[in-house]
Structures are given as structure tokens and as C-alpha cells.
Amino acid sequence: MNTAPRILFALALSLILCCTCGAAFAQHADRAAVGEAVAASPGSTSIDSVVEVQKYNRAIHIMAMLLVGFGFLMVFVRGYGLSAITATYLMVALALPLYMFLSSRGIIGGPKAGVDHLVFAEFAAASLLICAGAALGRLKLHQYLVLGLLFIPAYMFNEWIILENGFGLIAHGAFVDTGGSIVIHAFGALFGLAVVLSATSKREQGIEIESDFTSDRFSLLGSMVLWVFWPSFCGALVSPEMIPQTVINVVIALCGSTLATYVATLVLRRGISAADIANATLAGGVAIGSTCDFASQPAAMVIGLIAGFASTFGFAVIQGPLQKALKMIDTCGVTNLHGIPGLLGGLAALFVVGGIDRGAQLAGIGLTIAVALVTGLIAGKIVALFGRRENPYEDSEEFLSE
Amino acid sequence: MNTAPRILFALALSLILCCTCGAAFAQHADRAAVGEAVAASPGSTSIDSVVEVQKYNRAIHIMAMLLVGFGFLMVFVRGYGLSAITATYLMVALALPLYMFLSSRGIIGGPKAGVDHLVFAEFAAASLLICAGAALGRLKLHQYLVLGLLFIPAYMFNEWIILENGFGLIAHGAFVDTGGSIVIHAFGALFGLAVVLSATSKREQGIEIESDFTSDRFSLLGSMVLWVFWPSFCGALVSPEMIPQTVINVVIALCGSTLATYVATLVLRRGISAADIANATLAGGVAIGSTCDFASQPAAMVIGLIAGFASTFGFAVIQGPLQKALKMIDTCGVTNLHGIPGLLGGLAALFVVGGIDRGAQLAGIGLTIAVALVTGLIAGKIVALFGRRENPYEDSEEFLSE
Amino acid sequence: MNTAPRILFALALSLILCCTCGAAFAQHADRAAVGEAVAASPGSTSIDSVVEVQKYNRAIHIMAMLLVGFGFLMVFVRGYGLSAITATYLMVALALPLYMFLSSRGIIGGPKAGVDHLVFAEFAAASLLICAGAALGRLKLHQYLVLGLLFIPAYMFNEWIILENGFGLIAHGAFVDTGGSIVIHAFGALFGLAVVLSATSKREQGIEIESDFTSDRFSLLGSMVLWVFWPSFCGALVSPEMIPQTVINVVIALCGSTLATYVATLVLRRGISAADIANATLAGGVAIGSTCDFASQPAAMVIGLIAGFASTFGFAVIQGPLQKALKMIDTCGVTNLHGIPGLLGGLAALFVVGGIDRGAQLAGIGLTIAVALVTGLIAGKIVALFGRRENPYEDSEEFLSE
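From first to last, the protein sequence lines stand for chains A, B and C.
For the first sequence, this note's numbering begins at 1 and goes up steadily by one.
For the second sequence, this note's numbering begins at 1 and goes up steadily by one.
For the third sequence, this note's numbering begins at 1 and goes up steadily by one.
One or more of the hints may lead you astray.
One copy or two, either will do: identical chains are not told apart, so a pair holds if it fits within one copy or between any two.
[What the hints assert, rightly or not] Within a straight-line C-alpha distance of at most 25 Å, the following computed SDA-like cross-link-like pairs (lysine to any residue) qualify: (1) Lys140 - Val267; (2) Lys140 - Ser211; (3) Lys140 - Gly271; (4) Lys324 - Ser401; (5) Lys327 - Leu163; (6) Lys140 - Asp212; (7) Lys327 - Leu373; (8) Lys324 - Phe351; (9) Lys381 - Ile369; (10) Lys112 - Met242; (11) Lys140 - Thr214; (12) Lys140 - Ala316; (13) Lys140 - Arg269; (14) Lys324 - Leu400; (15) Lys381 - Leu169; (16) Lys381 - Met328.
Bear in mind the hints are in silico, worked out from the structure with no lab data behind them.
Only chain A is shown next, with the shape it has when bound in the complex:
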């Protein structure tokens, strides 16, 4: 086992983190004083503070999705569960401070404050985990960190263009994507596909991805944790007045995709696939993202039903032939869970949101696709420089035996 490049990488990473810290020291040194000042005056809580704490609650729900949700959903690969969970831990631990550092220093995108800052960083981490799902099992653990180092700036670049009027292309607020169907889900999935296309070799195509009864149950646990907290993901930054409507829409869309998945897996496969149940049930949450605060309840149900059916169709019918044709792998099927439903969700806004700027919406979707594919292809080439697995999907390549 050649550990030299790993350790080099570890040192480089530590260096980067130390620089991060050093820079930030200069910026935040007077925080302690603020702390003492505020702590001295109890009983004077403002409603704005209370609203901020409520946002924090949703930020914690998203954290549960990132670690327990995405982490355990990816445990379905038999014999690769320790790596999947560890990779999740590492990517979240890298993405959150990296996003907050780049943003607070003004390196990419505008400044965000307080809990909003944390939530935006969590959105970026979610998108990274989606991206990594495509390549799951093909990378060594340190390569997931390299992937994160490349992904986060690309994600922020796209976020800046689409949502913050970067280059003056799309007016502020013109692009409708409250829960991130496009900016988070579709971007992550497309970036991931591009990475896989450019980073994996043909020799790796033929390897079967297998699950077993216990890995399936862990995966369904992750799926349920994602389902449960999805309303907080979509409603994270929505104003308190809009929370009830938003979260009920998300719940209804998830109910729709869950029912549609059952019908679709039965009709398309003539039997039930545990992978479909774990994944496509969530497609309604992906697709309702763009319009979660605008849609009516029946529109939410229709979006959920369509997304669930489309996602299951992707898993059951499209994935096999497509992967053979393109000579690629999408381990977790993120195309089917995040790619297709994400794009559907972004397009649904054209029909659901009255007075929408159709040009801006279509331009935002097109730009996101372009940025994701271009930066993803480049990132894949770089990630491939940092090593190559000998045995895909095996914990034993990197973990010590007990």
C-alpha cells in the first residue's frame, strides 16, 4: 500500500486548513467581547432572535439529512458501508468550513450572516454528497476530499451566477429555486456524472454493485431520515409566514412520489426492488424544491407523482442500457434520483409560478447544466491523478480488519 501520496495530501490539507484559520483569526478576533455583552442582558429577547433560532432548528434537521440520511442511504453497497459513512463524514467536514471560509472572505459569492451562512454551506455539502454518490466506491477516501476541494468552488461559482446576479446574467430573484431542485440536486448529479465519465477506467465497468439484506435495511433507514427532514431542507430559509404552506407541499410531494414508486416498481419490474423504494420515494422532495413555497397542494401531489414515476423509470428501465452505451457507472443512481427529478422540478416552475420570468428560468437551468458538466469533467481528471482503487466497493482496501 503506497501511503506516501496520502500523507503528502494530508499535510497539504492541514496546511490549507491552517491558512484558513490564520486568515479568519484576523477577521473575527473580537467575537468574545460580543458574547459577554449579549449574555449580560437576559429577558430582552427580540422576535428576530427567535426567528433565527428557528432557522437553526431547520439547519440541524439538514445536518441529520447530510450525515445520517445521505450517509446511510449509501450503505446499500455490500461490504463498502464503512467507507461510505467515512466518506460522508469527511466530505461534510470539509465542505462546511470551506464554504464558510470562501464566502466570508468574499472569494466567491456574496457574504451571508448567522445561521443563513450555515444553511448555505449545508446546501453545498448536500450537493457534494449527491455528486459523490455517482462515483461511490470508485474513489479512495482521500480522493473524496480532493473532489470536495474542487466541487465547492464550482458549486459556489454556479450559485453566484444563478442566484446572485454573477456576471449580470440573471437578475436577483428572477430564478425560482427555493429548495434547490436545480442549483443543489441537478448540479450535484450532473457534476458527479461528469466526474465519473472522466475519472474511471473501462476496466472498472464490469464490476457488479451488490447489496445484501442488512445493507438494504441501513439504506432504507437513510432514506427515511431524508424523507422525514426534507420539509426543513426546502423550507430552511423561507419566512415564518410561508413555512406551513411550504412544508405541507413538500410532505404531499413526497407522499406522491412514494405511492408512484410502489406502483411503478411493480409495473416496470413485476416485483418490488428495495433500491427503488429507498431512492425513488424521495424524488418528490427533489422535484418540489423549486416551487415548494408557490405550488398549490394538488400541484405538489402531481409533481410528486410524476417525479416518483420518472425516477423509478430511470432506475428500472434507463439506467442499465444507458450505462452500457456511455461506458460509465452511476453507483447510487443519482441521475435518476437527483438529475431527472431536479430538472423536472426546475421546469415545473414554468407552469406553477404565476408571473415567472421564463427566460431567466430556462437560462438558469441551461447555465447550471453547462457549468456542472464542464467543471465536473475537469474535476474528474484531477481527482484521477490522486490514485486509483484496486478493488472497487471493498472496505478492506483501506480499513484495518478488526
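Given the coordinates of chain A, work out where chains B and C should sit on it, guided by the hints.
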């Protein structure tokens, strides 16, 4: 495998859902406009909005109980875990929109608004999951959906009689059942028993229900998730001022039943049963439901201790002989976890709540028992028309092998 | 199997609980009246009530850490998972009402009200679970209860000295330990070590503690649940204004320890240990506790990095030789996860918090170490009187086979 009736059923279900959607479109079409109006005025958050968002937090906690809690508690059956989780997904996805549709259209019961509406629908879904626990492993997946279609209207009918002065029988507010010991737990358990009595054949009696070490650990995970969020279940619709007292009562009752379960399982079985620990520990939460906002802390402890002991006694001593005598099965032991402790909880209100209308309380309990048994027996006959399992408790009958 | 002492113990426990209840009845009997009064006036919610409900949300997050987090983290021991989970259930169910009883009766420490009372009790339960982690697998289930009965008063005694000016030693507010690095984590770990030193025999030293692939995944699940909700643990009693700064610091410290753990396990072991990943990733949360509301973000990152490295160093390098030298066992490695990082966190306050009373801080740390070791040694002797396992780390000694 005869898939024709399944597909017919799937089509019928889709049809029902589409009608639901169509009807709802007419009703809610102007929501988007509201959304834009509110989003335009930040900084003007009212305390009522904040209270509503807090209710939403409890609604999410209940959602975690429904999916991760009930879902994984039912994974204890060896080799039936994928079906148990999928059935949970399907029943929740059916129950929530069905309840909200029937209620918002005024078909059964009075209208509810905002997050309250979601919470009432979650209560109904919880009761359905309890009901299904009795029949777990005896139904095919589409039969759980049929069960849900029949259960939810029956549940709402009972809710209307007991809590909303249906037929003028019980005055508004006279029946004390804040956390649903009677209306949710006892109703679900009794309905489930009636379903099993009328839907399963004698041939099925002799089959052993087995668990293994891993299915037990998943079941204990579900149990702990239920324990953790139970205070939010009982306090979901309680006013902010009453939350501290209510949630501490629920925690104390759960502590009581947990300690009592350990003592009881040891004394009654001369060894510890993992199933007792996973289930009877929760009996305090069931039993404190009716009086969670009224009880004193010591009363909560006493209710929890009694409920934990009674529940363990049910699992360890009553269940075996009773099932032989009645020639029935109660797969998850919902009689012991939800039936007996639920009735205890409803009756405890007679002693704990000062100035209670005893006649109304007893009438409500009696009516709930009657409605649950009658509608459950009918529902069982209908559910039986939709198929019959060849191999109870086996995922492989419906799931594709990996 | 000698069940006589168990049943005696069970009876004694019931007796204690009944006395608890009886005493408390006298104190709280008029609560029901209050309940009815408040319920009668909706729409008049004060901002203080809302802030209290937000505290309750964090209390529920901590409950998830206690049961699902600590409980499943301890499932890593192969073949002892049912016992680990049951022991967690029992200790939490004992600790919460015992703390609330001793405190509300004024037996140890000053009175606490409302949700604060519950949160302080949860802190004590967390410390007990840490303590039990050292002895995990060496005690019978009823011995964990005896341990709890001895631990909680000792914990409260130390809390009273350090935080409530007990004996007039440390001025109110002079000791900086918001998230409990010293009072909760270091105290629990040191008490646990002392218990193990005095309670276990030499014969038990040689037994290997083994994990398997599934027990590791359950352990990582517990780890992630702890990680996710850790910000609510540290920020539980912090004022709303300070929540954003506090929780972001905790998240950053956890990110730091997670990254450092990966690098350290790779460098120190030349391969990745699942146990390091499950445990040392959390060291940042332990260490940031004392200064979570004062630290700057870069200071939080540095604390997290150091804690993660130190904790992994403890697991990988120190633990083996130390246990041989001291002829003791620390099953869960609480020295490395809670002991060392806890002490680091308490000392970090000397550098991070401006204007800190260094004497009080050092005195508090020293006193905590002394109280924990002395009371722990005594407790270990008493616990040992209540039995001795024949087969450490085996569920089958106490659980019935399926």
C-alpha cells in the same frame, strides 16, 4: 405470481389520487399569490407565526416517529424487514393526503388549518400504523393500502364523534385525551385486532414469528426513536405555556415504564426479552397521553410504572394463551403496547383530572371501542378480498432478490 | 442463574421510586389547576414562552443523543448490542427522574425550573452514560442501575461545587464550561475509570473486545446522531442571541476533529480504524464545550483539530500500553474521547476567553478530577458487591434466546 389484481388496484389508486388532485385544484388555486404577497414584507414576523413554526417542529418529530420509529420497530420480524419498512412508507404516504383531502373537503369532520391540519393527519397515520402492526406479515403490500383506505375514514368518523361533538353525543372538550391514548392508540389497536380476526385464516395460526440479533437491534432503534420524540407527539397541539409541564410529564412516564419493564421482564420471564424492552418501555408514553398536560409529575411516574408493568405482563403472560384461545395473531403485540396502556390512560383521566365529566369520558371510551371493533371487522373482510399471502413473514414473496 | 439478589434489587428500586413519587405528590399537587387556567386564554403567548419551547427543542435533540447516540455508539461490541441498548435505556430512565427529584427537593444543589430542569437532568444522564462506557460489558444490567444511583448524587455534588458556589469555593459564573467539557465529559470519564479500577478483577483483563461489520455500522450510526445534535447539546441553555455563534463554533470544531481523525488514523495506524472514525470524530464537540459561546471560528477549528488528533492518538497509541500497565479496561475508550478532549477543552478557556478568572478555572478542573476519582473508586467497590459477570460482553448471559 398473479399480478393482474395488483395492477388493477394500482390503477384504481392512481385514479382516486387524480380525483383528489382535481378537486383540490379548484380549492387552493390562489395560493401562489398569497405566497408572493407575504414574501414581500420581511421583518414583520408575528408571534403567531413563530408559534406555528414551533408546531411544525413537533410535526417533524412526529414524522420521525411514523417512519423511522414505527417503521423500524416492525423490522424485528426476521426476513420481513424490507416489507415492514415499505408498508410503513406506503401507509404514511396514503394516510396523510387522504386525511387532509377528506377533512379539507368537509367529507368527514370539521376543517383544520395550517400545521394543525398536518398534525391531525399524522395522528391518523400513527393510528393506522398501530392497526397494521397487528396484521404485520399477513398482508401483501397492496393490502396495507386497502387497509389504509378503509381505516382513515373510520378513524375520522370516531374522531368526529369523540372530539368534535359528532351526532351531539359528547360535548366539545368534555373528552380528555390530549395525546390520544384512546382516540389514537386504543382505536388503532382494537381496529387492528378486529381486522386480524376477520381477515386471517386458521391455517396461518401455527407459523412462528422469529427475530434475529440484527432485526432486534433495528427494532430497538425504532423503539428509541419513538421514545425520544414521544413528548412532541403528546405536546404537538398544546399551547406554548403548557409545553414544559406536558413534555416533562411524558418523559417521566416513559422513564417509569422503562424501569418497570426491566423489573417485570426479569420477574415474569426469569430473563430479559428484547421484545419486551423494545415495546413495553414505550407503554408510559401511550398511557400518559390522555392526561399529559394535567398530571402532576408523581402521577405521571405512577401511570408510567403501571403501564410498563401491565404491558410487559401482556407480552409475557397473556399473549400466548389468548392467541391460542381466540385463534388469532397479533404480530407486533399492539394489544399489549397500545390497547391495554391506551385504555389505562383514558381511565387514568378519571382520577387525575379535577372536575372531569366522568360520563363523557366513559362514553368516549366505550364508543371508541365499539366503532373500532365494528369498522375493523368489516375492514378485515374487505381486505381479505384483495389477496392472501402464501408465505407469511417473507420478503421474498414480493421483493426481487438482489 | 441466581435471580434472588436481582429481584431484591428490583423491589428496593421500586420502593425508592414510590417514595420519590409520594414525596413529589405533596409538592406538585396543584398543577392541574394551573393547566386549566392557562389553556383558557389562547392568543396571549409571550416571547418568554416561545423561548422556553425553543429550549425544549434542544432538550429533545439531547434526548436523541442520549438514547440513539450514546446507545448505538456502544453497540460496536459484537454480541453485546442488546445489553448496551438496554443499559442505555435503564440508565436514562433512572437518571432523569432521580436528578429532578434530588434537585427539586433541594437535597443536592439549587432548584431549577421548567425545561432548564430537564436539560440539567439530561446533562447528568449524558455524564452517566460516558462513565458507563468505561465499564461496558463488565456489569450486569442491574449493576448499571446501581451505578446510576451512586453516580447521579456524586455528579450533582460536583456540579454544586463548581457551578453553584458550593462550600463557597468557586464564585458563581467564574468557571467557564457552557457545554460541559469538564463538568459533564471529563467528570464522567474519570468517574468511569475509577469504577473500572476498583470494580473489575484481574481475571477479566485478557478478554478481547471484538466488533464486526454490522456492529460497526450501528456504532457509526450512533456517532453520526451525536455529531448532528451536538450543537444543541452545547447551546442548550445559551440565550437566543448567542445561539448562531455558539452552534457554528460547535459545527466547526466537529469538522476539525473529523478531518484530524482521518489524517491521524492514517498516519498512526497506516490504515483506517472504524473505531477511530466512530469516536474521535466527536472529540471536537467535547473540547469546544467550555468555550463554545466565546471562541472565534478559527479558534473553534484549532480546538477541533487538536482534539481530534489527541483523541485518535489516545485510541491508537496510548490505550494499549496504558491498559496493560494499569491492569484495567476502558471498553469504549472514554479516556480518549471524553477524558483527554474534555480536559483540553477546559484548559482552552484559559487562552480563548478574555478576562477569565484563571485561578477559578484551574481550581474547578482540579476539584472535578478529585471528586470524580474519589467518588468513582468508592462507587466501584459498591457496584462490585451486586454481582459479577461470568462472560463479559455476551448478551446471552442475561437475555433469553429468541
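Hints, one by one, checked against the model:
| no. | hint | verdict |
| --- | --- | --- |
| 1 | Lys140 - Val267 | between (38 Å within a copy, 16 Å between copies) |
| 2 | Lys140 - Ser211 | both (20 Å within a copy, 23 Å between copies) |
| 3 | Lys140 - Gly271 | between (35 Å within a copy, 12 Å between copies) |
| 4 | Lys324 - Ser401 | between (35 Å within a copy, 22 Å between copies) |
| 5 | Lys327 - Leu163 | neither (34 Å within a copy, 61 Å between copies) |
| 6 | Lys140 - Asp212 | both (22 Å within a copy, 22 Å between copies) |
| 7 | Lys327 - Leu373 | within (17 Å within a copy, 59 Å between copies) |
| 8 | Lys324 - Phe351 | neither (35 Å within a copy, 59 Å between copies) |
| 9 | Lys381 - Ile369 | within (19 Å within a copy, 53 Å between copies) |
| 10 | Lys112 - Met242 | both (21 Å within a copy, 17 Å between copies) |
| 11 | Lys140 - Thr214 | both (24 Å within a copy, 22 Å between copies) |
| 12 | Lys140 - Ala316 | between (29 Å within a copy, 22 Å between copies) |
| 13 | Lys140 - Arg269 | between (34 Å within a copy, 17 Å between copies) |
| 14 | Lys324 - Leu400 | between (34 Å within a copy, 22 Å between copies) |
| 15 | Lys381 - Leu169 | neither (29 Å within a copy, 63 Å between copies) |
| 16 | Lys381 - Met328 | within (15 Å within a copy, 51 Å between copies) |
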